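S.K.: One letter stands for each residue in the lines below.
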Amino acid sequence: MRYIVIINLIAFSLLYLSSEGKEQSWRYQLNLQEYDTMALSTFYIELENALQKEKRLKEQIADEQALIENLRRQNSEIDERYTGIKQEKLSILGITEQDIVDAENEILSIRQKLDILLGLGPDELDVRKNDVEQIDIRINALKIKPAAKLWHIKDKITELEELSARVKANMPVITSNSGNSVNTYTVRDIPGRRDCLWRIAGYPEVYGDPAKWPYLYEANKRVIKKAYNNYRNRIPNPRYNRAEDLLFPGQVLTIPR
Amino acid sequence: MVVTIFRNMALFLAVVFITSICYFSGCTKRPDTSQLNQLEEARAAAESADKKLSELRQERMELENQLNQKQIELKKQEEELNDLRNQVSDQNR
Numbered sequence: 001m002r003y004i005v006i007i008n009l010i011a012f013s014l015l016y017l018s019s020e021g022k023e024q025s026w027r028y029q030l031n032l033q034e035y036d037t038m039a040l041s042t043f044y045i046e047l048e049n050a051l052q053k054e055k056r057l058k059e060q061i062a063d064e065q066a067l068i069e070n071l072r073r074q075n076s077e078i079d080e081r082y083t084g085i086k087q088e089k090l091s092i093l094g095i096t097e098q099d100i101v102d103a104e105n106e107i108l109s110i111r112q113k114l115d116i117l118l119g120l121g122p123d124e125l126d127v128r129k130n131d132v133e134q135i136d137i138r139i140n141a142l143k144i145k146p147a148a149k150l151w152h153i154k155d156k157i158t159e160l161e162e163l164s165a166r167v168k169a170n171m172p173v174i175t176s177n178s179g180n181s182v183n184t185y186t187v188r189d190i191p192g193r194r195d196c197l198w199r200i201a202g203y204p205e206v207y208g209d210p211a212k213w214p215y216l217y218e219a220n221k222r223v224i225k226k227a228y229n230n231y232r233n234r235i236p237n238p239r240y241n242r243a244e245d246l247l248f249p250g251q252v253l254t255i256p257r
Numbered sequence: 258m259v260v261t262i263f264r265n266m267a268l269f270l271a272v273v274f275i276t277s278i279c280y281f282s283g284c285t286k287r288p289d290t291s292q293l294n295q296l297e298e299a300r301a302a303a304e305s306a307d308k309k310l311s312e313l314r315q316e317r318m319e320l321e322n323q324l325n326q327k328q329i330e331l332k333k334q335e336e337e338l339n340d341l342r343n344q345v346s347d348q349n350r
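Chains A and B, in that order, give the protein sequences. Each residue of the first sequence is one higher than the one before, counting from 1 in the working numbering. Each residue of the second sequence is one higher than the one before, counting from 258 in the working numbering.
Keep in mind that a hint or two might mislead.
[Stated by the list, open to error] If you only want the chain A side, here are some residues facing chain B, beta carbon under 8 Å, derived:
| id | residue |
| --- | --- |
| 1 | M38 |
| 2 | L40 |
| 3 | E46 |
| 4 | E64 |
| 5 | I78 |
| 6 | Y82 |
| 7 | L90 |
| 8 | I92 |
| 9 | I95 |
| 10 | W151 |
Bear in mind the hints are in silico, worked out from the structure with no lab data behind them. On a predicted model such as this, the values are computed, not experimentally measured, just so you know. Beta carbons: idealized from backbone N, C-alpha and C, even for Gly.
Work out the full structure: start from the sequences and follow the hints.
M.R.: Here it is, written out as structure tokens:
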């Protein structure tokens, strides 16, 4: 009995002393290298799991590959049909691919000119009236081309017409009501250069003298104040405090002579 | 009485000790190096297959989107073709 106790004490002491310093590293190895502590039974389970997973994934890969192949085939069929339709359209219109490219280049060129004209003020536009007319001629020439029947060309021509209309809207508009005594002026939306009474009075077609703006204000006081009051009602903190400081595009002003 | 308890405790500890020694010293059967390599390879193969599967899924999704867009464009082209046919037949009348 005494020997058993002594053996146990010695053995536990040895075991404790041998494991004390290694405890940390042993746990470290347990965490990082599961293989070091893996039992054979666990190994077989893990191996079986890995093999099963691989098998299952390979089956899914085969399914995906079949789907991808099918999608590629469908894409290719659509491409063929697309090419066929394109050829048929050219044949119906009696044109070539080059004609479409030419039309697109012409549209681009007109678009660039219109962009330049859109940045100009009324006085400068008045000087370049011929350019605006030329653009109209070019747009009309485009419209009668067979390629203009294609939808995307037609859309672009419509866009050009809209831009051309905007350019024309920026040109000075003076209308005579009766004889030459009374004229009207339509306030325009000019990007970067807001129409105001001072500027309108300065147009050569109006007075040619900005200092005469009070005549315009007096003649159009009712219209200007009405629009300004609407503005005040809609905007809680208005930026403009005086009715004469604010005109709205589309307002028609009477020009007293 | 005390001696009996003490003896039983000592026996229990001896059993625990022997079991522990067996566990720590390698009495438990463990896989050899080749088996561990086999497991490592099996796991790597599964991981590789998993990666390939996600790549294929991504590719399939892209192809599906591409196909949908092409179908929409094709439909538009067909409508335009019909429109052109109608325009030509109107002109010929």
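S.K.: Confirm or reject each hint.
M.R.: Taking the hints in turn, this is what the structure says about them:
Given hint, M38 of chain A at the interface with chain B, holds; its Cβ is 6 Å from that chain's nearest Cβ, closer than 8 Å. Below 8 Å, beta-carbon pairs count as interface contacts, and L40 of chain A has one with chain B at about 4 Å; its hint therefore holds. Interface restraint check: E46 of chain A against chain B, minimum CB-CB distance 6 Å, threshold 8 Å, status holds. The interface hint given for E64 of chain A holds, since its Cβ lies 4 Å from the closest Cβ of chain B, which is under the 8 Å cut-off.
The beta carbon of I78 of chain A is positioned within 8 Å of a beta carbon in chain B (closest approach about 5 Å), and the interface hint is therefore held. At a threshold of 8 Å, the smallest CB-CB gap from Y82 of chain A to chain B is about 6 Å, leaving the interface hint in force. Violation of the interface hint for L90 of chain A is found here, the shortest Cβ-Cβ separation to chain B being roughly 10 Å, above the 8 Å cut-off. Hint status for I92 of chain A relative to chain B: holds, with the closest Cβ pair at about 5 Å, below 8 Å.
Among the interface hints, the one on I95 of chain A is violated; its C-beta lies about 11 Å from the nearest C-beta in chain B, farther than the 8 Å criterion. With a cut of 8 Å, the hint placing W151 of chain A at the interface with chain B holds, because the nearest CB-to-CB distance is about 5 Å.
The structure shown violates the earlier hints numbered 7, 9.
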